[in-house]
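Following the hints, put chain E in place on chain X, whose structure we already have.
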Amino acid sequence: QKEVEQNSGPLSVPEGAIASLNCTYSDRGSQSFFWYRQYSGKSPELIMSIYSNGDKEDGRFTAQLNKASQYVSLLIRDSQPSDSATYLCAVNEAAGNKLTFGGGTRVLVKP
Amino acid sequence: SAVISQKPSRDICQRGTSLTIQCQVDSQVTMMFWYRQQPGQSLTLIATANQGSEATYESGFVIDKFPISRPNLTFSTLTVSNMSPEDSSIYLCSVGGHFGIQYFGAGTRLSVL
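Protein chains in written order, with the numbering used here: chain X, 3 to 113; chain E, 1117 to 1229.
Next comes chain X alone, as it looks inside the complex (with noise of 0.2 Å):
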């Protein structure tokens, strides 16, 4: 059984701080790694994209992702109150094309 861990939060950060995600998976094959944003009764909307360790950044999205410990991280700089939704991490099989979530962290940005 392929997982995704994530602390479910909420995860409450004051505005114009750096809220920091994680998230653990288990398929060590995995190779392609997301970060969707979900605001309470909408649909997933991709925010971040990662495939190789290291850092990537996206304006106030920077995600990390480190193969070796099998961890993938979302920093949000700068939280604005708009930022206050659930952060879904979703991993890709590695012998296909399905997407395996986590549970989702709730972000909470206090003005």
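The calculated DSSO-like cross-link candidates involving lysine-lysine, where the alpha carbons are at most 30 Å apart (straight line), are:
{"no.": "1", "chain 1": "X", "residue 1": "K58", "chain 2": "X", "residue 2": "K100"}
{"no.": "2", "chain 1": "X", "residue 1": "K44", "chain 2": "E", "residue 2": "K1181"}
{"no.": "3", "chain 1": "X", "residue 1": "K100", "chain 2": "E", "residue 2": "K1181"}
{"no.": "4", "chain 1": "X", "residue 1": "K112", "chain 2": "X", "residue 2": "K58"}
{"no.": "5", "chain 1": "X", "residue 1": "K100", "chain 2": "X", "residue 2": "K4"}
{"no.": "6", "chain 1": "E", "residue 1": "K1123", "chain 2": "E", "residue 2": "K1181"}
{"no.": "7", "chain 1": "X", "residue 1": "K4", "chain 2": "X", "residue 2": "K69"}
{"no.": "8", "chain 1": "X", "residue 1": "K69", "chain 2": "X", "residue 2": "K100"}
{"no.": "9", "chain 1": "X", "residue 1": "K58", "chain 2": "X", "residue 2": "K69"}
{"no.": "10", "chain 1": "X", "residue 1": "K44", "chain 2": "E", "residue 2": "K1123"}
{"no.": "11", "chain 1": "E", "residue 1": "K1123", "chain 2": "X", "residue 2": "K100"}
{"no.": "12", "chain 1": "X", "residue 1": "K4", "chain 2": "E", "residue 2": "K1181"}
{"no.": "13", "chain 1": "X", "residue 1": "K44", "chain 2": "X", "residue 2": "K58"}
{"no.": "14", "chain 1": "X", "residue 1": "K4", "chain 2": "X", "residue 2": "K58"}
These are computed hints drawn from the structure, not numbers from a lab. Owing to the predicted nature of the structure, the values given are computational and were not obtained by experimental measurement.
Same frame as chain X, now just chain E:
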């Protein structure tokens, strides 16, 4: 990314009935998927919709309960059959893009009374 239209957006159904959810994409895609998201939970893959052949179901999901059609590369349907209150969920279709990325439709919020 593709534009994905999913309908209905929500429905309230009676126990024992069936509901068919449609997913239309504005471009041809090879991979289409159906997910269920129960209240307060994450996404669980129901099946991969294969064009021209039977869908591939995940453990715990069966064709008799969740029949899927994929008549062409832009359209798929998911039917939730013989519904019970436990089927109350959000049902999402997604399409596969480059490098393993998936894009999601807006979802169907189903309530079964």
